[in-house]
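> Sequence:
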Amino acid sequence: MTERRQDILLGGVFAAVGSTAALMAAEYPGASGIYPTALGCVVAGLGALVAIRAVLRGADGPRALVENAPRAALTLGLAALYLVLVPVLGFYLASALLVVVVPLCLGFRRPLYSLVSTGVFIGIVWLVFSVVLEKPLPAPVWLSY
1 MTERRQDILL
11 GGVFAAVGST
21 AALMAAEYPG
31 ASGIYPTALG
41 CVVAGLGALV
51 AIRAVLRGAD
61 GPRALVENAP
71 RAALTLGLAA
81 LYLVLVPVLG
91 FYLASALLVV
101 VVPLCLGFRR
111 PLYSLVSTGV
121 FIGIVWLVFS
131 VVLEKPLPAP
141 VWLSY
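Residue numbers (the UniProt record's numbering): 1 to 145.
Keep in mind that a hint or two might mislead.
Computed beta-carbon distance windows for the label pairs [what the hints assert, rightly or not]:
| no. | residue 1 | residue 2 | range |
| --- | --- | --- | --- |
| 1 | 60 | 136 | 46 to 56 Å |
| 2 | 30 | 137 | 10 to 20 Å |
| 3 | 131 | 56 | 39 to 49 Å |
| 4 | 109 | 2 | 29 to 39 Å |
| 5 | 107 | 38 | 29 to 39 Å |
It is worth saying that the hints were derived from the structure and are not from the lab.
Backbone N, C-alpha and C define an ideal beta-carbon position, used for all residues, glycine too.
The task is simple: from the sequences and hints, build the whole structure.
Structure representation (structure tokens):
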């Protein structure tokens, strides 16, 4: 598949998913739909930009869909494991593990940078959801007893 077709397809998929998410979230009661609606609109807009850019000046040369299949498979496996771990470990711990483990598995070798980035990421997510939006994210299973 050519680079242009890949970008048009990817941009179209993101535009459709973002638009669908925004439309669904717009029906949430009260103010609970504001953030997901805005996020859906941003995803849709960025997807549309990727597709439009590819239509206007995308390269027609061939491009491999995946440049490193083992790393892509590893990333997909870790994402699946993350989805399994969120209900057990809770969002924050599972996300922290994912943000630390994925770069290590993909060859990133600056552990201090990874740990600081993880702390900042988890802190921002906690601040946005638990403090600003007052929508706590899933807690570890052992806290539900």
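> Is it true that the C-beta distance of residue 131 to residue 56 lies inside 39 to 49 Å, as the hint says?
holds, 42 Å
> Hint says 29 to 39 Å; check whether the CB-CB distance for residue 107 and residue 38 agrees.
holds, 35 Å
> Falls inside 10 to 20 Å, the C-beta gap from residue 30 to residue 137?
holds, 19 Å
> Confirm or reject the claim that residue 109 and residue 2 have a C-beta distance inside 29 to 39 Å.
Given range 29 to 39 Å: holds, Cβ gap about 35 Å.
> Is the distance from the Cβ of residue 60 to the Cβ of residue 136 consistent with 46 to 56 Å?
holds, 49 Å
In summary, the structure agrees with every hint in the numbered list given earlier.
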